Structure formats: structure tokens, C-alpha cells
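Asks: Sequence:
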Amino acid sequence: MKRSSLFAAALCAILFAGVGNAPAFAAAKSGNATYYNLSGAGACGDHINARTQLLVAVSDSWFGSGDPNNDPICKKKLKVTYGGKSVTVSVKDKCPGCSKAHFDLSEKAFKKLAPLSRGNIDIKWEWK
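In mature numbering (1 follows the signal peptide of the UniProt record, and there is no 0), the protein residues as written are -26 to -1, 1 to 102.
Hints in this document: simulated from the structure, not taken from any laboratory. Note that the coordinates shown come from a computational prediction; the quantities given were computed from them, not determined experimentally. Certain hints may be false.
Simulated pairs of lysine-lysine, DSSO-like, Cα-Cα distance not exceeding 27 Å [said to hold, decoys possible]: (1) Lys3 / Lys53; (2) Lys85 / Lys74; (3) Lys102 / Lys82; (4) Lys59 / Lys49.
Let the hints inform the model, and build the full structure from the sequences given.
Replies: Encoded structure:
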């Protein structure tokens, strides 16, 4: 009995040794961001203005339901970080030419991270 208790204690010590280094949340992922400035009906059913609103268009592959207006992705927020600056944007539109790690930020959101002249920036991103 004493031997099994000692074994259990040693096993626990080994298992928990790395816990202090584990991140509290999953680490942000790498990707890239461009921007757009259109207005009109967004893929999520809302009227959008990418010049004046903080929003993002995401790859069609993030959309999972047959009805984009009621897709769960339309209720998500995305935190985007570049050069020590961050912005949180609401998913409101589709970006047909984007991969899952390429996000088309609204002009207003992009300007919070970099000058528009940059056009395409390497970012860190995470769902909020």
C-alpha cells in the first residue's frame, strides 16, 4: 500500500510539473490582414459600412450553416494584434478570396493597427 501511495505521489508530481508553463488560454494564431471599405448588406444580414465601423470579413470556410444570416460565426468577435496594437472586431461579412487565416478588416479597424498604405500586414489573432 505504501508503495502505491508513493507511486501516485510521484506520478502527480510529474504530471503537474509543466502546469506553470501552460498558457491560460490557447495562444494567438498567426495570419494576415488586409482591408476593405465597402458599404451595403453584409453576409450576416446587417447593413455595414467598412469605412466607419469596426468589423471584419472572414473566409467563407468559417461559415457553417446554409443560412449565412443566422450563422454562428456572425455572433463572433475577433481580436487582431499587430505591432503592439490590438483591435476587436465583429464578424459581419464574408471574404470569398480569404483563407481561414486571412482576415479582411474594415478600413476603420485596419487604421487602428497600421497605415492604409501597408495594405497587408502579418497579424496575431484569436476569437473572443
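Asks: Each hint: holds or not?
Replies: To see whether the hints hold, each was checked on the structure:
This hinted pair checks out: Lys3 and Lys53 have alpha carbons roughly 11 Å apart, not beyond 27 Å. Of the pairs offered as hints, the one joining Lys85 and Lys74 holds, with about 22 Å between alpha carbons and a cut-off of 27 Å not exceeded. Proximity of Lys102 to Lys82 is assessed by CA-CA distance (about 19 Å); at most 27 Å being required, the pair is judged to hold. For the suggested pair Lys59 and Lys49, the alpha carbons sit about 23 Å apart, so the restraint of at most 27 Å is met.
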